[in-house]
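Chains as they are written, first to last, in the working numbering: chain A, 1 to 293; chain B, 1001 to 1225.
Bear in mind the hints are in silico, worked out from the structure with no lab data behind them.
Since the model is a prediction, treat every value here as computed from it, not as a measurement.
Ideal Cβ positions, reconstructed from N, Cα and C, are used throughout, including at glycine.
A portion of the hints provided could be inaccurate.
Label pairs and their computed distance ranges (CB to CB) [stated by the list, open to error]:
no., chain 1, residue 1, chain 2, residue 2, range
1, A, GLU262, B, GLY1063, 55 to 61 Å
2, B, HIS1111, A, ALA194, 20 to 26 Å
3, A, GLY244, B, ARG1132, 58 to 64 Å
4, A, GLY284, B, GLY1187, 50 to 56 Å
5, A, ALA160, B, TYR1076, 53 to 59 Å
6, A, ALA194, B, GLY1063, 31 to 37 Å
Residues from chain B that keep clear of chain A, each with C-beta distances beyond 10 Å, as calculated [to be verified]:
no., residue
7, GLY1028
8, ARG1068
9, ARG1119
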Amino acid sequence: MFYTMGQLSRRPLGSLMTASVVGIALALPSGLYVLLENVRAVSRGWDGTAGISLFLRADVDDDGAVRLAHTIQTMPQVASTRWVSRVDALAEFRKASGLGDALEALEANPLPHVIMVRPQTAHTAPEDIRRLVDDLDARPEVDIAQFDLQWVQRLFGIMAIVQRGVLVLGAVLSVAVLLIVGNTIRLAIQNRRAEIEIAKLFGATNAFIRRPFLYTGLGYGLLGGVIAMLVVGSSLELLKGPVGQLAELYYSDFVLQGLGREASLVLVGAGAALGLTGSWVAVGRHLGAIEPR
Amino acid sequence: MIQFNDVSKRYPNRHEALSHVSFELPAGEMGFVTGRSGAGKSTLLRLIALIERNSQGQIIVGGQNLGRLRRRRIPYYRRGIGFIFQDHRLLLDRTVFDNVALPLVIAGHRHQEVGRRVRAALDQVGLLSKERLYPVTLSGGEQQRVGIARAVVNRPPVLLGDEPTGNLDPELSRDIMELFQRFNQVGVTVLIATHDVGLIRTMTHRILTLKEGRLVNNSGGWGPA
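With these hints in hand, go ahead and build the complete structure from the sequences.
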């Protein structure tokens, strides 16, 4: 153990470079993962805009609309409802569209009552929302239940792709880490071939010879994990300013989330596991071939 | 201590390096294996150290039949043997102390014990003052003595030397041989391969002469053959 640390510290630059390569390889997927988590946090905050608009039939009066709004409010999947009366809607439309005079020419208000429904956050998955929309659409008072399903579905679709991408990238780069550590250990074994032969001649067991190499691989993995953590952390720190400004433009109090303690532990743990596995494979493949001459 | 019964060693696609060799070296004795290059001296020693396995016959070392020794037990068996090479095979990036300490570290001795035993071994070969130096700064004779210190530091009952004086001048060779004799006098069984017949004739030990893999002369002990 101490010997390994001695070896690592005796060649600080080389060791640091190997650990850095491991760190960068680990930082890529974990950085993407953090960004994905942040997008998720943002989209969770968007459930207000992803509301369902119920356009009621023209023959439903004010009382009927209010009663319906209350009924829907009591549904477990629904967070809140807001009733927009046809009068209000017309006034708003007049103001927003600039077609005031043209609308004056109409004999009657062409707009229906509208009830805005906000689903519960727990029910924002596309299938849940579709079920809710179908359910609402089936009510006799409702003419059309409209939900910008496509938009949310697309977002979720993109997020699923990114999520899968993070997994694939993580897997590929994990293999890369295995190879990097494995190759480094292979070189270390070759460099110390004479030493291994002598040690075997003087009665060293395979376990004894294996140990320092395994510790070395573990060291690379651990150090790589820590470096990855620092890389992700400092990158996020750099992004924080611009993201804050953008959020301000959207009147959002969104703050970029970091890795968090749990994910950091997982990251360092994954680095250590990969380092250990890589060195284990290398040691298994190359150590057995060395027998004393 | 070392017993060969009709031992042969064949290499794949090559002639027999050893054929039908039988001899016995009792515990506490010292012996020489001699013969020309390629006569099978090194092979004989390598079979004892289990660097190679014999193809035929039976080798018994310290009551242990090597043919029945399982692969996993080999490291523990080797801890009972001190091996000395012609080219000393010291680790050049380690100090003299660390080189000699290697067998003790392998056997898992405690730190203080290691220091004590390494200094004792270095003292025996007269190199106590050089423990902090690196092998390249030593002379050929000193390097070989470090190799001997490494071989004896674990106090193995058997010492094997493969041409330990091969690279040394006659005077240094004599010193090294006297060193081996001293270890033999405290009960270590010593077997040394050498082609330096002139040197060993002056000593009174068993001489095994090999010729093309066959034992042609086994002159036992006391007196020149």
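Could you work out which earlier hints the structure fails to respect and list their numbers in ascending sequence? Per hint list: single violation, 4.
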